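Colleague: We have chain A already, so just place chains B and C on it with the hints.
Chains as they are written, first to last, in the numbering used here: chain A, 1 to 356; chain B, 357 to 644; chain C, 645 to 1057.
I should point out that these hints are in silico values taken from the structure, not numbers from a laboratory.
A hint or two may mislead.
[Claimed, not checked] SDA-like mimics (lysine to any residue), calculated; alpha carbons at most 25 Å apart, straight line: (1) C:K863 to B:S610; (2) C:K806 to B:G487; (3) C:K863 to B:A359; (4) C:K940 to B:R474; (5) C:K908 to B:N412; (6) C:K830 to C:D997; (7) C:K1015 to B:S482; (8) C:K934 to B:R474; (9) C:K743 to A:V40; (10) C:K908 to B:V469; (11) C:K743 to A:D36; (12) B:K445 to A:A264; (13) C:K863 to B:G487; (14) C:K830 to B:G612; (15) C:K1055 to A:G152; (16) C:K1015 to B:R474; (17) C:K905 to B:G409; (18) C:K863 to B:Y611; (19) C:K993 to C:S797; (20) C:K861 to B:Y488; (21) C:K1015 to B:Y493; (22) C:K863 to B:V361; (23) C:K743 to A:Y298; (24) C:K863 to B:I614; (25) C:K861 to B:Y611; (26) C:K1042 to C:A968; (27) C:K861 to B:G481; (28) C:K1015 to B:P479; (29) C:K935 to B:R474; (30) C:K940 to A:Y298; (31) C:K677 to A:D36; (32) C:K905 to B:V469.
This structure is a prediction, so every number in the text was calculated from the model and none was measured.
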Amino acid sequence: MFKLLEGPQTLGRGKIFWSCFLAVLAGALAYPLFADSYDVGNFAYFLIWIFMALGLCLMWGYGGMLSFGQTLFFGIAGYGYGVLAINMGGGTATIGALVLSVFLAMLAAGILGYFMIWGGINGIFFGIVTLSATLVLAFFLGQTAGPEWHIGPARLNGFNGMKGMDPLTVGDFYIEGSALYYVMIALIVIVYLALRMLVNSGIGNVIVATRENPQRAEMLGYDVRKYQLLTFVIGSGLAGLSGALYTSWGQFITPSSIGLPAAAMPIVWVAFSGRSDLTATLVGSFLLLFGFQTITVYSQQAALVLMGALLLATVMLAPQGFVLGIGRLVAGWWRGRRRDDGAVMAEAGRLQSEES
Amino acid sequence: MSAEVFSVFYQFADVFAFLILSAAGLAIVFGMMGVINMAHGEFIMCGAYVTVGLVNLGVPLAIAQALAALTAGLIGVLVEFLVVRRFYKRPLDSLLATWGLSLIVTQSMLLIVGSAVRGIGTPEGSFAIGGYTFSTYRLVLFGCAVAVLAGLYVIFMKTRFGVIARATMQNAAMAKALGARTGRIYAISFGIGTGLAGLCGALYAPTMTLIPTMGATFVVESFVTVVIGGANVLLGTAPAAVFLAMIRMALNASYGQIIGQIGMLVAVILIIRVMPEGLSSVLVRRGR
Amino acid sequence: MISGRKLGMVLLGAMLGTAASMSAAQAAEPPLKVGLLEDVSGDLAFMGMPKLHGSQLAVEEINKSGGILGRQIELIHLDPQGDNARYQEFGRRLLNRDKVDVLIGGITSASREALRPIVDRTTTPYFYTNQYEGGVCDASMISMGAVPEQQFSTLIPWMVEKFGKKVYVIAADYNFGQISAEWNRKIMKDLGGEVVGEEFIPLGVSQFAQTIQNIQKAKPDWLLTINVGAAQDSFFEQAAAANLNLPMGSSIKIMLGFEHKRFKPPALNNMHATANWFEEIDTPEATEFKKRWHAKFPDELYINDMGYNAYNALYMYKTLVEKAKSTKLEDMRKVIAAGDACIDAPEGKVCIDPKSQHTSHRMRLISVGPKHEVKVEKDYGTIQPYWLGEIGCDLTKKNDKDQYTPSHLPKKS
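Same shape as in the complex, but just chain A:
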């Protein structure tokens, strides 16, 4: 089974890649030992968003489905976590609330996905339907300010947002700070490796085949709709995981986490990183989240201009995405020295085919 950790659908194989992986992991695990507690918490916060990006990478990069709906499922699970955690009374029950809320998001994704995929919706129409559904939820939640909008003791509280839920708790121990950081690292590693195995498995090959040419995949005897639905549910479930974790982190969620421009953010992260690969998305999204925050802290009003320029420059200079672009540059330089140009060309060729 671990064979599937590397394969044709993912970049990075062999000893060098996995040693790097372990080195980064070890560095990440050791980080709280010497860093300021605020920075550890802040890094944990960035990691919360990564699941949403990985989910979109799976759907868009591998499955060819551009979903604007990541924040829809983020919101369903985020509000779901809040409602459940308040109703179930906090404590260890919050873990149950997390699991249930992610399940809720996946259920919603199953229904919406069935509706869309069995209706033959694809391409940009897929994006517009998911965007519309997202905005409907955001508008709806925005007008629930009155006290009549409540589920049990949990008030939805409109645009000002829902609050008063406990963060993730085991017994009397709040999972926060370094504890949250380690939980995040563990979850990221699990999700990342599991997704690698998924896309390199038989299922993953069908998903990619469907992206390349749905008719051909169908001719080969696969019911592509089922594979698309599976991709959509998993990808959206990951967005849900981000949402529930976000609510738990800040004990607060508002409709603006769902509507525009929040809905465009996952797409920006994934497109910036290089949507055709999980590793690129993981690294790139983290760098972008970190970069945007740093820019905003230090450059005041010029922040948005710098962010825009960064995106524009990336997409013009590194068409494969920032991380893949850098990666190729490094790999090309490395292999160029070893006079092994063929491998670079092969790698580049693989990526090129995914552009069309």
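Modeller: Frame of chain A, contents of chains B and C only:
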């Protein structure tokens, strides 16, 4: 009674004009050329700011509006040359590029022009029917929307440029082989699209608050209208706008704006579910 | 005469004394850190800029006159760009990493609610400097702006008396608008008036032809406009173009959004509002204050009440720290509980109410004329923020950490 009938027409015309004017530019840029132009709203904003700036310099409103549309069109040609040109083969990346552009433009406007600009007031006055009073300028907007539709039809269906442009969008390599200067065609089409966006901003400038992020209020409606219209933009956009305007107007009138907005988006989801290729595919099939 | 000279001598001595102690203290004591979160990018920039300016002006003045307890102030401003998630990130950053002594800021109610859970877990005081829908009963928060009992209980009776008993409400469809509408319903009922229509508009909507017609159908005597944001402000231009021509009242127009400066006359003609501050106040203190502001920020279009409140917040903080001789929230709250938290602001004397930690204000009713000239119609004198105390919020006894509205009252204990 006649006042009620006219009022229904007036409300419909108002929503219709808003949808058509905000979507017309995008219909070309996104619908025909396939560029996901996230900076569409910023071209609208550009048109509005140029209009207000010129009017404050003493230029008559109508001329200011025409110049504003022209400015937006020329900027569009420049943007096409510098940025968009590279993305015809990878349309999804155009999303990121134009989004970056939109961030740069809105924030630069904030830094250069300031956060708020003084409005110029709506021209043309008002008229009364029954117990209601109406703004005359709103009917002018409706007239402009119809004129824009007619103009687009003439340019793309009746002129030599239109034929070559449509050929280029359908198969650029073939058109090039037949001698069309596709690069120039793309640039001009993009310019027409952004010019129409600028026109939208110019026309709505007197009626709205001008802030650098004002384009955002147009973007969702325009994308939705174009997508519902489907592949054949010239045939699709108008009926899509009629359809959405009727739904929105009815819901607005009976249940208020929030239901109007939610209802329109739900209608969009349902329409796409029933007609996954958009309205125009159905119309074209009927036509055959 | 002699006493005047004596006073001068004392003052001079005091100044020299502080100057001397200051230079000694500066070496020893680190500056006080003031964390500020104001949106200077995005949709709300036109409101956030004056707030930032107000804080900068106050910090400069206080530092020039010797700081607080001899300590200089260091202003750390971050720009959350109107994004609630950024408010949370930056709130934590300022509180946990920069370890600020006080946190100030937030524009929308949502941004305030995003910050409160974070602030509540620290012992840092938080100043919210906007007028708002009222009702927050939280020991960590001090509210500097006006609240509905100061604005609506003055405005609505006046409008009813002057224009008639039938009102139509246009409100932004979120907490601020809905709670304000609730206040209006309550007050209108007490007055025997009638709410002939209520329309809630989603944020970001900019087209109002239908709304204008609904209003004409309902035939109200006057309008209550609590629409929010640049897009919704387009209502005024469109209503004027359609010749709607009704008297209007509001709790946020003119002094906050300076619509009378942003729209071409007569779009805002016949608008009324009750305000603790508007730039047209011409008392000597206010004139002096405006002069200092415009000297530092010559391009300011309008000094709105948010910017003014943000300016006051720093002076209120200074007073609290100096009276408590401490920067700890609990010590400062003892000063508030004793009813001693007062400053001489440009509007007049304002004090923090011990029960609710909201600020008393001198309220004036203003109206806008056809050329957008602003006139004071009535001066109500100082009005206390009494409502929270009346319904049972008493922060000197109990920290509720909740937000109440007329339909969500504290449970009787």
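Colleague: Does each hint hold? Answer for all of them.
Modeller: Hints versus structure:
Straight-line distance between C-alpha atoms of K863 of chain C and S610 of chain B comes to about 17 Å, which keeps the hinted pair within the 25 Å bound. For the hint linking K806 of chain C to G487 of chain B, the alpha-carbon distance of about 24 Å falls within 25 Å, and the restraint holds. Simply put, K863 of chain C and A359 of chain B have alpha-carbon atoms about 15 Å apart, close enough for the 25 Å limit, and the pair holds. Straight-line distance between C-alpha atoms of K940 of chain C and R474 of chain B comes to about 22 Å, which keeps the hinted pair within the 25 Å bound.
Between K908 of chain C and N412 of chain B, the direct Cα distance comes to roughly 11 Å. Compliance with the 25 Å bound is thereby established for this hinted pair. The hinted pair formed by K830 of chain C and D997 of chain C meets the criterion: a straight-line CA distance of about 24 Å does not exceed 25 Å. Pair hint K1015 of chain C plus S482 of chain B holds up; C-alpha atoms about 20 Å apart against a cutoff of 25 Å. Note on K934 of chain C and R474 of chain B: the hinted pairing holds, with a Cα-Cα distance of about 21 Å set against a maximum of 25 Å.
The suggested pairing of K743 of chain C with V40 of chain A holds, with an alpha-carbon distance near 16 Å, which does not exceed 25 Å. About 18 Å separates the Cα atoms of K908 of chain C and V469 of chain B, which keeps this hinted pair within 25 Å; it holds. The hinted pair formed by K743 of chain C and D36 of chain A meets the criterion: a straight-line CA distance of about 12 Å does not exceed 25 Å. The straight-line distance between the Cα atoms of K445 of chain B and A264 of chain A is roughly 22 Å, inside the 25 Å bound, and the hint therefore holds.
Under the criterion of a C-alpha separation no larger than 25 Å, the hint pairing K863 of chain C with G487 of chain B is consistent with the structure, at around 9 Å. About 22 Å separates the Cα atoms of K830 of chain C and G612 of chain B, which keeps this hinted pair within 25 Å; it holds. Only pairs whose Cα atoms come within 25 Å are accepted, and K1055 of chain C paired with G152 of chain A is accepted, the gap being roughly 17 Å. With a CA separation close to 14 Å, the supplied pair K1015 of chain C and R474 of chain B stays within the 25 Å bound.
In summary, the hint linking K905 of chain C to G409 of chain B is supported, as the alpha carbons are separated by about 16 Å, within the 25 Å threshold. The suggested pairing of K863 of chain C with Y611 of chain B holds, with an alpha-carbon distance near 19 Å, which does not exceed 25 Å. Between K993 of chain C and S797 of chain C, the direct Cα distance comes to roughly 21 Å. Compliance with the 25 Å bound is thereby established for this hinted pair. The hinted pair formed by K861 of chain C and Y488 of chain B meets the criterion: a straight-line CA distance of about 8 Å does not exceed 25 Å.
About 22 Å separates the Cα atoms of K1015 of chain C and Y493 of chain B, which keeps this hinted pair within 25 Å; it holds. The suggested pairing of K863 of chain C with V361 of chain B holds, with an alpha-carbon distance near 19 Å, which does not exceed 25 Å. This hinted pair checks out: K743 of chain C and Y298 of chain A have alpha carbons roughly 17 Å apart, not beyond 25 Å. For the proposed pair K863 of chain C and I614 of chain B, the alpha carbon gap of about 22 Å is at most 25 Å, so the pair holds.
For the proposed pair K861 of chain C and Y611 of chain B, the alpha carbon gap of about 15 Å is at most 25 Å, so the pair holds. Restraint check for K1042 of chain C and A968 of chain C: the C-alpha separation of about 21 Å stays at or below 25 Å, so the hint holds. With a CA separation close to 20 Å, the supplied pair K861 of chain C and G481 of chain B stays within the 25 Å bound. At roughly 17 Å between alpha-carbon atoms, K1015 of chain C and P479 of chain B fall within 25 Å of each other, so this suggested pair holds.
The straight-line distance between the Cα atoms of K935 of chain C and R474 of chain B is roughly 23 Å, inside the 25 Å bound, and the hint therefore holds. For the given pair, K940 of chain C sits about 23 Å from Y298 of chain A by alpha-carbon distance, which is consistent with the 25 Å threshold. At most 25 Å may separate the alpha-carbon atoms for a hinted pair to count; K677 of chain C and D36 of chain A meet this at roughly 19 Å. Pair hint K905 of chain C plus V469 of chain B holds up; C-alpha atoms about 16 Å apart against a cutoff of 25 Å.
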